[in-house]
Each structure stands twice: as structure tokens, then as C-alpha cells.
Amino acid sequence: MARITMREAISQALWEEMERDPCVFIMGEEVGVWGGTYAVTKGFYDHFGPERVRDTPISEAAIVGGAIGASLTGLRPVAELMTINFAFVAMDHIVNESAKLHYMFGGQMILPLVIRTVGGGGRQLGATHSQTPDAIFAHFPGLTVVSPGTVADAKGLLKSSIRSDNPVLFIEHATLYQMRGEVPDGEYLVPIGKSTIQRPGSDVTIVTYSKMLEVSLKAADQLAKEGIEAEIVDLRTLRPLDMEPVLESFKKTNRAVIVEEGWRSFGVGSEVASRIYEEAFDYVDAPIQRVAQKEVPLPYNRTLEQMALPQVDDVIAAVKEVV
Amino acid sequence: MAETVTMPKLGFDMAEGTLVRWVKSEGEAVSKGETLAEIETDKATVEVESPYSGVIHKHLVEQGAVVPVGSPIAEVTAPGETAAESQEGKTEPVPQTPAAEKAEVKVTPKPEVEAQQPESAGAQAEAARTGPNGPSPQTEVQEKGPETKSAPPEVGGIQRASPLARRLAVERGLDLTNIQGSGPGGRIVKRDIETIQVQPAAPPQPSQAPAAPPPPDKKAPTPPPAVGIPTGAIPEDQVVPVDRLRRAIGRRMVESKQQVPHFYITSAYDVARMMELRKQINAYMPDDQKLSVNDFIVKAAALTLRQFPNINASLKGDQVIRYGHVNIGVAVALDAGLITVVCKDADQKPIRVISREVKEMAARARSGKVKPDDIEGSTFSVSNLGMYNVEDFAAIINPPEAAILAVGSVKPAPVAVDGELKVGMLMKATISADHRVTDGAEAAHYMQALARYLEDPLLLLVG
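Sequence lines, in order, name chains F and S.
Residues 1 to 323 in this note's numbering are what the first sequence lists, from first letter to last.
Residues 324 to 786 in this note's numbering are what the second sequence lists, from first letter to last.
Some hints could be false.
[What the hints assert, rightly or not] In silico EDC-like pairs for lysine to aspartate or glutamate, Cα to Cα no more than 16 Å straight-line: (1) F:294 / F:313; (2) S:513 / F:282; (3) F:42 / F:29; (4) F:251 / F:278; (5) S:347 / S:385; (6) F:251 / F:279; (7) S:513 / F:203; (8) F:252 / S:517; (9) S:682 / S:610.
Simulated from the structure, these hints should not be mistaken for lab results.
A quick note: this is a predicted structure, and the numbers were derived from the prediction, not measured.
Take these sequences, add in the hints, and give me the full structure.
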């Protein structure tokens, strides 16, 4: 087991898949000569050359549109959007084309396309560059939405995403690139659409993903000192959403707190809570709690920004509401 | 304005019904089709469904009240309507209204009935448990009369309990109104249910008695239970909630035993010829049409009743109604209780017709599809425990009938024929009769007359 950063894990996944399959190529703003905004593709340009590591104009519509076209011809593009906030500019390509072409043309073509992008707040990038709009994308049938919370999952899920014949929106978190974690040696894959237990417990089920997994794990450690054992389910994929581990855990603990970085309204927590109520109503022993970002545009001011984002204490307070 | 719900007409001759229980309280929201109240007629307990969606503005009658068909029983306000509006609507007593406004009713597997026993081989051991003594009288208390509404610790009109706690309470037969909640706002949660001890002092109730042994089956003898000192944990007491059917059985049986002065007369009959005749007839019958012993008894009881109109009767006030029709009630075992199906004009029908009708009604009763007509109008009942190797027993009268015949098993036994000892087929039967209507001599005379048909069964075929 090697202990590496999430940046290295993602980089390894890309490298391995490009070595494995000549159809895989990278395109995006500053991915080539510069080595990527978050330095994920450093060294790729020199090794794989300009044909397979393509710098693009500053146009997200062009990047996603070009990637869709390439995927239709049989290539496997990994398009990078510098932040998910810029994905809105390419919304039509993402939701009206990538998510629907296979369906609308009767399955005549596949779209083995990955859109890698970066979401989340906490780096003082201001209201328009710090959003967590994951739920918006998870709303659309036809689009796979993946968002890892551990180093090992980041590598294994990205490799699975590249090998998937469906368009995948792969959302990385801006503050997790430095996070270190162990990854299995050698080649491995993590399946898309499988939630997993990241920490076993018996008193409450915390459902979360991405950066909030880290926050929830810290909260769980503190709660454990008070004798409350939280079980943490990491969704890892938002669509297709795997509720099985969540329901299984909930039927054991009868209480749930859902922690997400995005806003509460119409969010991931709303969806997960509804599914629990629908499928495990007779196991509910307390109203399900949601921890989410305050309903404001994220402030630039550091203190205010942290106040608006979900913190360890918020998770602890929510757990204490239900146990 | 408020909509008015009226007492539905549930049977052809129903003039009034008793509002046994309000299912929806005043102020509670109700959707169209939800159960509003339970109503009892002579023969059936029926759920009345709300014809409207809205909020129960007012109960117009108390629980336990006897209400004429068509009279208003409740007002339902439209969703969002204010109380003031509904008050306004209320000032004008709404006259009876079109069919669309009639409460919809759902007949459920009928309660009622008493300790009679079904005739069918499929009878559940459970049913046998009810026994002639009826269910635990304990069940009676809550249901009687215009009851004082128990006031549970409620918040905002509902008992706060988590869905899990509610489910666990149902599984363990616990009443949430007696439980103190420890969750937020006094909500009852799982731990509150789990910490409740089963009342250790509760004496074993009849319903918890060991199940009656299954009917003897010579082909497959069950091995005797192992001997030795039992090991392992003794099962804990179970608390089983009393369901609606059992409550109704309990109420009616208590009512009968308290108000009807029963007396009992037992006679023994040699039914060897009847058994032989049945065997001969059944040789011609396909399996699903074979006649049961009970079919013969129903026919015999009905024919005999024609000569005893005072036993085929009901006491009503200071009058005795002697019925022209002879309608025999036959008990059928359900999974959780008993129900009497009624074979109308049994004295007029060939045994094969009686047999078919009882079979069909019993099947409907067991599948929960009984029709009001199947259970209405009996004038006399027959209860048969013959399939359980019963010597004899006494049944509780099924009001408003004046008598019931309880039939034991047919067994080979020594009989004296012309001074000689022979082996006959003996069957004992006991009539329970209402002493306000009839007397010992008349009932004994009936039992004697019954012998004419039971012991000379060809008369049953021509009667």
C-alpha cells in the first residue's frame, strides 16, 4: 500500500489509462504545457505529446462540445473544466447532448466521455467560484455523477469512469488534492454506482460524500469519545445512487444525518432522506437531519466563508439531535 | 361549508345502527375513503368510509349511540376551510342528501358470533380456543356504551411517536398512550419501547392457552413429545392486542351471557342410520359436493323448528317475534375469530343446496369477501365441534336468537336396542335456550322431536 496524495492518485489513474488505451486523451485549459491548474497533469505533455494532451481555448462549451464529438468518433476523451462553476457555460452540451444522445438516437452511438472538474468552497474564491452544484447535475438521467472522498476511491473511480461507455461528470474537491491516503498497489478499479461504509458504527448513520466525508469522520471521532458510534456511508456516486448500504445501515441505527457541502434546498440530503422515508419508514426513530451549506452565496471573507460551510461541530450537533 | 356524513343503510331491513367507535377524532384530518367510524348492526360490524376529504369538524353522535339510518353522524369541513365557515354551514340542519353523499361502507370479515364451531375440516385450532365460554371478558370494557374518551398524553391531537416506535409497539402489543416518551418533545422512540417490561403479573389469558390439539389424523400419527427435563429458556409472556373482530365477539358474548338467562338440555342420538345414509349419498358425489354431518343436522334442526315456532324466535321488548322463516346460522372459523353464515329457509331446501350454500359462504368468509346478506337474518344457530372429538358442550346464545344447538362428535357407543346391547353411533347435542322466551319442557320436547329426523334420516330427504 502506497501512501500518496489525491492529486497523485488522480494523476496515476490518468497516466495508467492513457498508457493502457491509446484512445484516451486529455483536453482542457492549461492541461498541457502548464501541467494543469491543480498540477494533476504535470509531465503528461512531455510524455504523451500534444496530440493526446491538448490545451484548449478558454471556452467550456468548446471543450465539452469537442469532447462529445471526439467520443462519438470512438475516442475516449477526458475533458477538464477548471471548476464546476464554469460547467454552467457548457450546460447545454452536458445535459442536452452528452446525457441524451445515446438515448435520442436509439443507442446508435456511445459516449465514453469523462468531464473532470473541481467543486467545493473553502479557498476564498468568492461566490461564483466556490459552489457545490453537484445535485443539479445528478438531476439528469443519462449523466453519471461521481465524486470521491478518499484517495483510493479517486484513483479507482476515475479509472472506472474512463472505461465507462457513458458520459461521466467526475467532481473532485478543491481542498482535497493535498489529502494523503493509502492506495492499493498495482492496478485496481472501484465500481461506479456503489456506496460504501467508511466507518462502522451502531448509533447513527451519517450519509455523505466528497469533502464532507473528511468532516464527518472527524465528527465521528469526537462523538466516539462521548460514546456515540456513528456509521458513515460514503455515496461516492450520486447518479446512479446506491441506497442499499444506506438503508442497511439505517435499519440498524434507525437514525440518519446527511452531510453535504451544497445547499440544503433540493439537495443530495433531500434526495437521500426521501428515499429513506420511502423505503425504511417503519425504521425511522427520529426525524432525519440534514447538514448543508447556509442558504447564502458563499462569502469571500474567510471567517464568513467558514461559517457558511458545514463544519465538524455542525455534524456533531445534528447527530445529537437524533440520538 | 361543512359536509354531513349520515348513518349508512347496510342491509335491506336495517333501520338503525350503533356507532361503536369513532376512528377519526374531531379536528383530525380525513381523506376520502378513509375509515371514519365503526358501526354495528344486529349482525355485522362495518367500517364507514368518509365520502369527503377534509377535517372532522364535529361528531354529531356519541360512541355507543343508536342512530337511525340516514341521520347525520358527523360533519366534515373542506380542507382549508375555517371553523367560522363551517359553523355557518352548520346552522342549517342538512337534510338527507343524494346518494353521492352517503358514507361508503366496507364490510369486513364480520365479528359477531359466538362460541360456535365451524363445521369444516379446515377449522383452525385457534377457533376452537375461543371455546363455548367466549373470549376474555377483559376485552369488553373499552367498548361498552358511550365511552368516556380516554385522554392520552397527546400533543397537538396526536401521540408523538416515531414510526419505528409505533411499529415495535404494534409488534409487542403495547399501548402507546401509556408510554412516556423520552425523545425530543416527548416523542416515544425505540428505547422507550425496549425498556418496557412485559407485565409479569398478568395471568395467562385464555387466548394464550396452548392451542387445542389438531384433529386426530389416523394416517399420520404425530410422535409423542420427547420426555425429559425441558432445557432452554421458557418463552416469555406475550402481550397480544385485541383486534376488532375479537373485541366484537367479546362484547356480544358478554352481552348475551349477562342479559339472556340461558338454560341447557342435552340429548343423545343414535345416528348410525344417518351416517350410513350419508355414506351412501356421498358415494355418488364428487369430492367438492360431499355432504357433511353438519348439513344433515342443519336440515334436521330446521325441519324440527317448523313445529316449534316459539324456539325460532326473538324477544323484543315485551313481545316475542316468532319467525316465519327458518334461517339457520352456521359458525365458520376464521384465522382470528368466528363468523356465523346464514342458510336462509333451511327447512325448505334440499340438503345438497344447504351444503353448497354453506360451503360458498364459508369460503367467502375466510377470504374476507363475505356479503352482508351472508351473515344477516339468522333465527337459530347450530354450532358443531364434532370434528374435535368432543363429547358435548354448551354454546352461548347468539342474540337476538332464542336458542342455539351445540353438537358434539359422533362416536361408536353401546346402545340398547329391543333389550339387546348393540354398538350404535352416538351423538350428543345440547340446546341453550333463552328462558324469557321458552321453558325446559318445550326445549326438551324440541330435542326429542329432533330425534325423529336424526335417527330416521330418510325423513330429511323428503321433508
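Inset, instruction - Find the hints from earlier in the document that the structure breaks and name them by number, from lowest to highest. - result: none
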